[in-house]
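A.B. asks: Now for the letters of each chain:
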Amino acid sequence: MHELSLIANLFEIMEQKAKEKNAKKITYVKLKVGALSGAVPDLLETAFDIYKKDTIASDAKLEIETVPLKLKCKECDAVMEKDDLVLNCEKCGSTNLETLAGTDLYLEKMELEVD
Amino acid sequence: MKKKQIMILEDLLGSNKKIAGDIRKKLTAKGILAINLLSSPGAGKTSLLEKLVEILRPDYKMAVIEGDIETERDAERIRAKGIQAWQISTGGACHLDAKMIGKLFSEIPPDLDFLFIENVGNLVCPASFDLGESIRCVLLSIPEGDDKPKKYPKAFMTSDALIISKTDLLNKLPFHIERATQEGLDVNPKIKVFKTSAVDGTGINEFARYLIEELKKLRCSNA
Chain B
1 MHELSLIANL FEIMEQKAKE KNAKKITYVK LKVGALSGAV PDLLETAFDI YKKDTIASDA
61 KLEIETVPLK LKCKECDAVM EKDDLVLNCE KCGSTNLETL AGTDLYLEKM ELEVD
Chain W
116 MKKKQIMILE DLLGSNKKIA GDIRKKLTAK GILAINLLSS PGAGKTSLLE KLVEILRPDY
176 KMAVIEGDIE TERDAERIRA KGIQAWQIST GGACHLDAKM IGKLFSEIPP DLDFLFIENV
236 GNLVCPASFD LGESIRCVLL SIPEGDDKPK KYPKAFMTSD ALIISKTDLL NKLPFHIERA
296 TQEGLDVNPK IKVFKTSAVD GTGINEFARY LIEELKKLRC SNA
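Listed in order, the protein sequences are those of chains B and W. For the first sequence, our numbering assigns the number 1 to the initial residue and increments by one for each residue that follows. For the second sequence, our numbering assigns the number 116 to the initial residue and increments by one for each residue that follows.
If you're looking for bench data, these hints aren't it; they were derived computationally from the structure. Do not rely on the hints blindly, as some may be mistaken.
[Claimed, not checked] Keeping only pairs whose Cα atoms sit at most 27 Å apart, straight-line, the calculated BS3-like set for lysine-lysine is:
| id | chain 1 | residue 1 | chain 2 | residue 2 |
| --- | --- | --- | --- | --- |
| 1 | B | LYS19 | W | LYS118 |
| 2 | W | LYS331 | W | LYS310 |
| 3 | B | LYS19 | W | LYS119 |
| 4 | B | LYS70 | W | LYS305 |
| 5 | B | LYS109 | W | LYS133 |
| 6 | W | LYS214 | B | LYS32 |
[As the list claims (entries may be wrong)] Here are some chain B residues the structure puts well away from chain W; computed CB gaps all over 10 Å:
| id | residue |
| --- | --- |
| 7 | LYS19 |
| 8 | SER58 |
| 9 | ALA60 |
| 10 | LYS61 |
| 11 | LEU62 |
| 12 | GLU98 |
| 13 | LEU100 |
[As the list claims (entries may be wrong)] Which stretches of chain B does chain W cover? Using the computed rule of at least three CB atoms under 8 Å from a CB of chain W, they are:
| id | region |
| --- | --- |
| 14 | 2-14 |
| 15 | 37-50 |
| 16 | 78-91 |
Built from N, CA and C at the ideal position, the CB exists for glycine as well.
Work out the full structure, taking the sequences as your base and the hints as a guide.
C.D. replies: Here is the structure:
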C-alpha cells in the first residue's frame, strides 16, 4: 500500500499549483492512472479521502481515469493496447516494443475557486 | 468567487524520479554499479548477498544498503561478512524511495565497485520507486510458486534480471522452472534469467559474472 505516499506527493503538487494561482479552494482533481502504474485506483481514492481533510481540497471531488497499456512496435510500427501481459508485437511477433502509455500516474487537471 | 480549470500533467512520482536521476548520475560518474534487489519477504535476498560478497570480495569493493520495516538484522548479517552495511528502517513504509538513499549518499565511499540496495520485502510497492540504480534484479523463490511474474507484473517488467532462487527445493515442490522463466519473458522479453541456490551455491558465480560484465559496461561508457 504505497498509495498514501503517492497521494502525499499529489497534495504537494496540488497545493503548490493552487498557491501559484492564488486559489481559495480546490474543487475537483483528475488523475490518469496507468494500468501498469503499480497503483490501485480504489486505494488512491481511499487515501485521497483520508488525506484531504483540513486541506485546501477538503471538498474536492476526485476523478480517476484508467489508461490502458499502449505499445508501439519498433520493427513494424504497429500500435497496440495490451491486457494479456504477453509483451510481443501482435503483428510481427517482435519483442522490440516502446511503451507509449499505461505505466505512469499523472495529475492531469484540477478545478480551482479564485477571486 | 469563480471557478477555473487548469491543466497540469504532472507525474506523481516526478520528485522521486528526479532525485533518483541525480543519484544515478553521481554513482555512474564515480564508476559505481548500483543494484536494486526486489522480492517478496523471505525469497533469499540477504542469503544471495552473503554468497555474492564471498565471491566478489577478493577483487572488488562493495557496500550494502538494507531496507526493512524494522530491525538491524540484515545489516548485521552483511557486516558479519566484513562488508560495510547501512540499515534503513522504514518504520512501516512498504518500500524504499530515492530520498532515503539520497540521505545516505555522503557516507557512500567513492571508491566502491558495487552498491547493493536490498529493498523492503514486497513484490508490489518497491517496483514503482526508482532508487537511482543501474540494475534492478527481482528474486522469485521456488516456494512462492511459478505463476508470480504475471500476478505481480510491474516488478518483473521493470527488472533487468530475474533470479529464480532456492533451486535446491526444486525436487521437493511442484515448481515448473520453464513456466516461471516463460512468464518472466512474456512480461519482459529482455529480462536475463538466473537460477540460484544460496544453500548449494548453484548459479551464484554466473550471477556474479553478469554483475562484473555490467560494471565493465558502465565504466566503458564513462570512458
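A.B. asks: Look at each hint and say if it fits the structure.
C.D. replies: Against the structure, the hints:
no. : hint                : result
1   : LYS19/B x LYS118/W  : holds, 15 Å
2   : LYS331/W x LYS310/W : holds, 23 Å
3   : LYS19/B x LYS119/W  : holds, 14 Å
4   : LYS70/B x LYS305/W  : holds, 18 Å
5   : LYS109/B x LYS133/W : holds, 21 Å
6   : LYS214/W x LYS32/B  : holds, 24 Å
7   : LYS19               : holds, 12 Å
8   : SER58               : holds, 16 Å
9   : ALA60               : holds, 12 Å
10  : LYS61               : holds, 12 Å
11  : LEU62               : holds, 13 Å
12  : GLU98               : holds, 12 Å
13  : LEU100              : holds, 15 Å
14  : 2-14                : holds (count 7)
15  : 37-50               : holds (count 3)
16  : 78-91               : holds (count 4)
Checked against the numbered hints above, the structure violates none of them.
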